[in-house]
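Participant: Take these sequences, add in the hints, and give me the full structure.
Number of protein chains: 2
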Amino acid sequence: MANPIDFYFDFSSPYGYLMSEKIDPLAAAHGRSVNWRPILLGVVYKTTGAVAMPLVPLKRPYALRDFERSARFLDVPLHIPEAFPIPTQHAARAFYWLEGQDPGRARAFAHAAYRGLFVDGKDISQLEVVLDIGAGLGLAREQFAAALGSDAVKERLKAACSAAIDAQVFGSPFVIIDGEPFWGVDRLAQIERWLKEGGF
Amino acid sequence: MANPIDFYFDFSSPYGYLMSEKIDPLAAAHGRSVNWRPILLGVVYKTTGAVAMPLVPLKRPYALRDFERSARFLDVPLHIPEAFPIPTQHAARAFYWLEGQDPGRARAFAHAAYRGLFVDGKDISQLEVVLDIGAGLGLAREQFAAALGSDAVKERLKAACSAAIDAQVFGSPFVIIDGEPFWGVDRLAQIERWLKEGGF
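Listed in order, the protein sequences are those of chains A and B. Quick note on this note's numbering: the first sequence kicks off at 20 and runs consecutively. Quick note on this note's numbering: the second sequence kicks off at 20 and runs consecutively.
Be careful, since some hints might not be right.
Since the list can't tell identical chains apart, any single copy or any two copies may satisfy a pair.
[Unchecked claim] Simulated pairs of lysine to any residue, SDA-like, Cα-Cα distance not exceeding 25 Å:
1) Lys215 x Val95
2) Lys177 x Leu77
3) Lys177 x Pro76
4) Lys65 x Val75
5) Lys215 x Arg84
6) Lys177 x Tyr81
7) Lys215 x Phe163
8) Lys173 x Val75
9) Lys215 x Ala166
10) Lys65 x Ala182
11) Lys41 x Ser89
12) Lys215 x Leu97
13) Lys215 x Ala186
14) Lys41 x Glu211
15) Lys215 x Leu83
16) Lys141 x Phe92
17) Lys215 x Pro200
18) Lys41 x Leu207
19) Lys41 x Glu147
20) Lys141 x Arg160
21) Lys173 x Leu214
22) Lys41 x Arg91
23) Lys215 x Glu87
24) Lys173 x Glu161
25) Lys215 x Ala82
Source of the hints: derived by calculation from the structure; they are not laboratory data.
Facilitator: Below, the structure is given as structure tokens:
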């Protein structure tokens, strides 16, 4: 079995969302599994000194247009919500807590959170909204809420962000295949060729 | 005849170089001409507050790898020179002066400058190197040198950078088709679809 692919993303990243709709079937078509790794770009940007593209004055109008055009290009539904970008620590912590219990459910949660934000306009920065999404997946609300407030899960997310920085991750989505890094959903065609040819 | 395509680039931009090898035949296949518009990203970045990707610590190794991988992906020869990025005002001024005399020769100069830098490792930040490239295209060296030092051509480049900022250009390459902006050589597939379908 070939190495799994690492897929880093922030739940507030539209390009990360687009990648989340594409990476699993693409990987599976080439006999690969995918490690989903939510991170907080704000933590990463503290290291790189970078600024989110939608927060740069001249880039914001372009970014908003490109998000929606890229979604049409990839045939994925997308609507950028009014409040954007947003903090996503609750969603990321939820993912890691779920992953420790049931990786399949963690993946289902990630899709539900991303689609909730970028299709249905749910404000997943709100803890209650994340708990609702969990409830929709059959999670006991009290237990889920307690888990998300625990020090253990906070530390788990911190460790994931540190590991991402150690792996030279500086944006979202960021995909690493056998040590080869690909930044951006616009690298999908290169990723496909890389998987097909084993590098190029 | 459909509107010409505007193609903004900095002569120090590897992704701009890759676009320079692709945009004319792609445009011609869809009945379009291309206005080449060299700019100085340093001037643009003063407005946006952006920093060139190869100058951001965590991004530089990725950028160097991605430049060469993207070149292989697009089947264009590329070698990043030791001195990089470099200032490119001499090359950009040369382009605009030549464009006023003979647009075909300006295009030939742009290709020669880009290929000189990214294929043959010529340091086109040096005035003498730009004059050599002009000589290779049959330009009288004394006259070319005088033109590049003139206030008129300096003002022409300043005006081109201001016009680019007014057109919301913030990077290289930056392609505008009927008002639709595309940033990056990684938007080539979207540009092709846009030209084919008249938008999507």
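Participant: Against this structure, judge whether each hint is valid.
Facilitator: Evaluated hints:
no. : hint            : result
1   : Lys215 x Val95  : both (23 Å within a copy, 20 Å between copies)
2   : Lys177 x Leu77  : between (32 Å within a copy, 19 Å between copies)
3   : Lys177 x Pro76  : between (30 Å within a copy, 21 Å between copies)
4   : Lys65 x Val75   : both (16 Å within a copy, 12 Å between copies)
5   : Lys215 x Arg84  : between (31 Å within a copy, 19 Å between copies)
6   : Lys177 x Tyr81  : between (32 Å within a copy, 23 Å between copies)
7   : Lys215 x Phe163 : neither (40 Å within a copy, 50 Å between copies)
8   : Lys173 x Val75  : neither (29 Å within a copy, 29 Å between copies)
9   : Lys215 x Ala166 : neither (41 Å within a copy, 52 Å between copies)
10  : Lys65 x Ala182  : within (15 Å within a copy, 33 Å between copies)
11  : Lys41 x Ser89   : both (13 Å within a copy, 20 Å between copies)
12  : Lys215 x Leu97  : between (28 Å within a copy, 23 Å between copies)
13  : Lys215 x Ala186 : within (24 Å within a copy, 40 Å between copies)
14  : Lys41 x Glu211  : both (11 Å within a copy, 21 Å between copies)
15  : Lys215 x Leu83  : between (32 Å within a copy, 23 Å between copies)
16  : Lys141 x Phe92  : within (24 Å within a copy, 38 Å between copies)
17  : Lys215 x Pro200 : within (16 Å within a copy, 31 Å between copies)
18  : Lys41 x Leu207  : both (8 Å within a copy, 20 Å between copies)
19  : Lys41 x Glu147  : neither (28 Å within a copy, 50 Å between copies)
20  : Lys141 x Arg160 : within (18 Å within a copy, 64 Å between copies)
21  : Lys173 x Leu214 : neither (34 Å within a copy, 48 Å between copies)
22  : Lys41 x Arg91   : both (13 Å within a copy, 23 Å between copies)
23  : Lys215 x Glu87  : between (28 Å within a copy, 19 Å between copies)
24  : Lys173 x Glu161 : within (17 Å within a copy, 68 Å between copies)
25  : Lys215 x Ala82  : between (30 Å within a copy, 23 Å between copies)
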